[in-house]
Amino acid sequence: MKDYKSTPTYQSEYRFQRMIEEVQDYAIILMDEDGTIQNWNKGAQKIKGYNEQEIIGKNFSLFYLPEDQKEGLPGKLINEAKLNGRATHEGWRVRKDGTTFWGFIVITALHDEQNNVIGFTKVTRDLTERKLAEEQKERDAKSIEMQNKRLEEFAYVTSHDLQEPIRKIRAFTDLAKAEIDDREKLEWYLGKIDSSAAKMVQLIKDVLAFSKLSHDHTQFIPVDLNAQLLNVLSEFEVLISEKQAVLEVSNLPVILGVPVQIHQLLSNLISNAIKFNRGIPHIYISCIPVFEIGDDLQQKSGYQINFRDNGIGFDQKYAQKAFEPFERLSSEFKGTGIGLALCKRISENHKGSIKVQSEPGQGSTFSVFFPELITE
Amino acid sequence: MLETNCLLIDDDLDDQEFFAIGLKKVPMPINYSTAKNGLEALDLLSSSSDKPHFIFLDLNMPILSGKECLPQIRQLAGYDKVPIIIFSTSSYKVDIEDCQKLGATHFFTKVHSIKTLTETITQLISGEKLPFVLNATN
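So the sequences go chain by chain: A and B. Using full-length UniProt numbering, you'd call the opening residue of the first sequence number 1 and step up by one each time. Using full-length UniProt numbering, you'd call the opening residue of the second sequence number 1 and step up by one each time.
Watch out, some of these pointers could steer you wrong.
Unchecked claim - Sample of chain B residues at the chain A side, in silico, Cβ under 8 Å: (1) F18; (2) K93; (3) T118; (4) E119.
Said to hold, decoys possible - Derived BS3-like pairs (lysine-lysine); straight-line CA-CA distance at most 25 Å: (5) A:K192 - B:K24; (6) B:K36 - A:K192; (7) B:K36 - A:K275; (8) A:K185 - B:K101; (9) B:K67 - A:K149; (10) A:K317 - B:K115; (11) B:K24 - A:K321; (12) B:K36 - A:K321; (13) B:K115 - A:K192; (14) B:K67 - A:K317; (15) A:K149 - B:K101.
Derived from the structure by calculation, the hints contain no laboratory data. Just so it is clear, CB atoms sit at the ideal spot from N, CA and C, and this is done for glycine as well.
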């Protein structure tokens with residue numbers, strides 16, 4: 001008599017069972033009508049992390065996030081499968097180790113001859129990578145959209161501000177032509193033409209410096225702020241002695257940065273502190289270690305460098321505006337309106353931030369935050 | 001002949017001067033005053049008894065921009081109908097539309113020709129019927 005195990009029926013069933021057991025890319029499980037797990041395959045172990053002994057006899061709701069369990073999602077899916085024959089769902093599921101994966105599941109109802117539901121099969125596929133890629137793509141698209149918008153705004157103000165000196169040059173040329181024989185007036189107009197051209201050159205330089213920042217992937221290296229500051233101060237020697245400016249500087253830290261950008265940042269802040277002052281500028285530069293709570297609620301430790309001056313100051317309600325490109329808070333002291341926008345961009349490039357406290361007539365304190373230098 | 005009061009609100013000293021030169025060539029008596037920003041203008045308008053007949057308003061100014069200033073002038077008592085002419089470097093459609101909505105009477109893109117400036121102001125003062133945008137093709 002032939003052994004049952006060698007019959008074609010057994011062979012076929014055996015192979016079918018092995019097939020399901022061996023599939024690695026899909027978790028294929030059998031559940032009873034309440035969702036209690038009855039068998040387990042390699043794919044299920046790989047995707048969900050449990051082995052067979054641990055999971056058989058448990059309810060499949062275990063794979064769902066606590067909030068989904070609270071909402072009764074597993075039960076809803078089972079009912080849907082009971083009613084319609086099948087239910088599909090995509091969402092975050094929980095592995096044995098508590099980590100989550102993005103699962104695509106199909107629950108299919110199994111029926112007996114009398115069409116009673118006797119259980120369910122559940123096929124789960126791990127689509128985490130695809131989900132993350134989709135999310136990344138969405139973020140990229142949003143970021144491009146935002147950058148385009150910023151670029152558009154930037155082009156708008158840039159072209160507007162660059163037109164001004166050109167219009168002036170043409171206007172003064174027009175005036176000069178009309179009074180070509182009046183040497184005194186002519187010289188005055190020429191002087192105006194020259195200073196408008198100089199303003200134009202400064203604007204172009206500033207715009208270039210500003211736009212370079214956004215796609216600058218220069219390496220970050222340890223930068224000694226003391227050395228950078230000395231460097232900047234030596235450039236302002238003439239201006240400092242002209243205005244008899246007094247500077248007090250405490251010891252500054254070493255941060256991770258792009259030296260050229262740090263130089264620009266310090267240079268802009270120092271030049272503002274000297275420029276926006278009707279008397280003798282006093283500038284105090286100090287550093288305090290701080291913990292800052294970022295927008296993502298992550299606590300970052302680092303340094304806050306304060307630049308306090310006794311300059312003209314401004315109303316605190318313009319504090320935000322001060323850092324926008326082409327915003328000027330004063331017409332008495334001429335600037336291109338890019339300096340502080342540049343400082344903001346540089347701080348952000350360094351994963352830091354910049355803010356200001358100010359009061360008219362009482363001076364301003366600019367605070368730049370740099371994250372702590374972490375050496376690997 | 002009665003003097004026409006013109007107020008220019010502009011922070012740019014060159015433009016203030018340029019405007020003055022243009023005004024001098026207008027063949028009518030004009031009383032010219034300036035304010036260097038929106039706040040100063042609002043102070044001036046709410047205190048002065050010499051109400052301007054024409055207000056020329058720059059857009060790009062620190063502290064209080066032209067667009068912020070415009071509706072505030074319109075709200076001052078007696079200023080709901082005074083001609084306010086936007087006088088700006090801008091010739092952008094969005095700026096023009098915004099200003100029209102905010103209650104500007106005309107939009108005048110700053111020019112480099114004194115002659116054009118003088119002619120346009122003369123037309124305005126003589127009460128000629130002019131389009132909203134005074135120099136559409138610049």
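query: Which of the listed hints are broken here?
result: 2, 3, 4, 8, 10 and 11
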